[in-house]
Structure formats: C-alpha cells, structure tokens
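Enquirer: The residues making up each chain are set out below.
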Amino acid sequence: MKTSDTLVALAVQFTALSLVAFGGANAVIPEMHRQAVDVNHWMTNQDFAALFAIAQAAPGPNFLVTTLIGWKAAGLAGALVATAAMCGPSCLLTFWVARAWDRYRETAWRSAIGAGLAPVTVGFVCSSAFVLVRAADTGWKLAIVTAASAGVAYFTKLNPLWCLLAAGILGVLGLLA
Amino acid sequence: MTDRPTAGAPTPTAWALFVTFFTIALSGFGGTLPFARRTLVERKAWLTPEDFTETLSLCQTLPGPNIVNMSIVVGARACGWRGSVAASVGLVGAPVIIVIVLGMLYSRFGALGMVRHALLGLGASASGLIVATAARMAEPLLRGRPWLAAPFILVAFAAVAILRLPLPYVLVVLGPLSIAAAWFWKRNRA
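Quick note, the sequences are listed as chains A and B, same order. For the first sequence, our numbering gives the first residue as 1223, with consecutive numbering after it. For the second sequence, our numbering gives the first residue as 4, with consecutive numbering after it.
Because the hints were derived from the structure by calculation, they are not lab data. Keep in mind that the hints are not guaranteed to be accurate.
[To be verified] On the chain B side, residues computed to face chain A include the following (Cβ under 7 Å):
| hint | residue |
| --- | --- |
| 1 | 66 |
| 2 | 79 |
| 3 | 129 |
| 4 | 137 |
| 5 | 140 |
[As the list claims (entries may be wrong)] Quick look at which bits of chain B chain A covers, simulated, 3 or more residues with Cβ under 8 Å:
| hint | stretch |
| --- | --- |
| 6 | 16–30 |
| 7 | 56–65 |
| 8 | 70–77 |
| 9 | 90–104 |
| 10 | 120–127 |
| 11 | 164–171 |
Cβ atoms here follow ideal geometry from the backbone N, Cα and C, with glycine treated the same way.
All chains, please: the whole structure from these sequences, using the hints.
Expert: Here's what the structure looks like:
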C-alpha cells in the first residue's frame, strides 16, 4: 500500500469511528483492532497490545492509541491524520450540539437516547476487553497479571498506574515470559 | 450559551483555557476525568458541581472522547469557537507529542529483550484495566434494568467480539432498537 493510500484509509476509518465512538475510544477498540490487524495488516496482534499499553501508560486522554496506530501505519503524517480524524468530527458535532443543549435538556427522547445507547456501549467495551485480553495474554503468567489488574481496578480505588508499573517491573525482571 | 452564568468566577480567556486543559492532560495519568473535575469545579470554579455532571452527561451522550468533548463545551461557553480550539488543543497537544515519541522509542527498541518483556507485562495489565472498566460500566445497568440491558449487551458483544462484524454497522442496527426499548420502558413506568 502506498503511503498516500494508507493516509486516506486512516482518515476514512477514524472519521467513521469518531462519529460512532459513543462511550469514548474504549468502545471502538475492537474496530481499530479489526482494521489495523485483520484488514490492513499494519501490525501484528502483539504490536497492537504493546501500543495499547503504551497509550494507557502515557499521560492524557485514552484515545491516544489512535495516534499510535496512525504512527505505526504511516509514520508522523499517519499519527497526525489519525488523531485529527478521531477528534475532529466528534468535536464539530459537540460544538454544534452544545449550543442547542439547553433547549432539550429535560426532554424524554434525550434521556431515552442516553439510556438506550448505554447497554450497546457496554457491549462494545466488553468486546474491547475481550480483544485486548486475547492479544496480550500469550501465556498463563500474563493471564494472571490481567486478572490481578482487573481485580485491583474493580475492587479498589488505587490509581491504575500502579498496576501498570508493577506489571512492567515484573516483565523487566523476566518473570512473565 | 455564552450568556449563561457560571459559578460566579470570571469568564476564562482563551489562554487560561489552553493552560488549564494543558495541565489537566499532563496530570491525568490513568484517566483524566477525576482531575478535570477537581480543576474545573474545585480549583477554578468555572463550573458548579451540577454544571459539571450535566456537561459530562452531554459529552457521554455524544460520540468521541468524553474529555475532549468536555473541553469543546467548556471552551465554547467561555468564548465561542476560539475557546473550544484553545481548550481542545491544550488538552490534546502535549499527550499526542509524548505518545509519538514513545512510539518512536518502541519501533527503535521494542525488539530488545528487556523492553519486550516490560511491554508484555504492561499489555497484560492494561487489558485487565479495561476488563475492570467494562465490569464497572455493566454493573449499574444489570442492577437497574437487567432484562432490558442484558440482551443488548450480549448481542453487541457477540456481534463485535465473536462474529467480528464492523462496529459502525452493529451500532446502526442495535442503537435504534435499544433506544426504542428504553423509550417504551420509560413511558410504561411514567
């Protein structure tokens, strides 16, 4: 694939994802994975897991995996195109809707939209978890790390960064391979 | 929306918006939302707690990253499109640069044994964090209206995770059905 073709593919794909990313970037991880690994072969499953981990460990909003997918697919230009495509359309929509917001605040249809989208979004985030666990857990030790992190994040208020840090240290020590 | 009174604090300038969201982005390790709340409501008093909750629910109803949407809304209220641009660029700019640098380091050193092993651990942990996020999001729905929510959660999961169908198509089909179900459910209770 030529670089310009890749850039167009990134722009089209992330523009579409931007407008369906109800519940944020975590809900559209499965589609990013499908496009980047299965359809376009920009990266391996392991790359995807690693890039997602880097994005999680970095400061800032959690859509940054988008930037890294673009970067892996087409370098710096890819990173910028993917980021702009992921944020741009939803930002314009938000800007436009925010002005009309007060008028519709208490209407029944607005709360029905929120209540109706919620379970579908949860199904998507569950899919994200499924896709990421399958990409990341290539051995039983890694599966234990996943389960432990999930448990800590679900049952405690500890900053999730501590889980990432501990898992990274275990990895560096060679205990997980 | 610009004429709407905020929490009694002076209306922020575009520069103040840029700096504030820049700070929120870089402080927000492991999720920016709690820090955004502390900054916007408690430290700056640009929003009342009610404003914040309501704005967040608007941002969650709309597609796109919630915190980016929030920067757009807060910026627009303060000073129109200039405010939106200042706040969102402040929020997104630095993290994007940082993550690109990390990506470069990954392609350069990702094959080294130590880095590879660290990333194996990080990846396993990061996926566990999303499992917890999914569980936390599912819990209130399954508690509140299980027979209404569970079928849509399961079908969405099966379509996207198991059948690997394109997510936008799944949303276009399931979204309206689920919204209609929620609509009738609410009407019957009223």
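Enquirer: Any hints from earlier that this structure breaks? Give me their numbers in increasing order, please.
Expert: Violated hints: none at all, because every hint is consistent with the structure.
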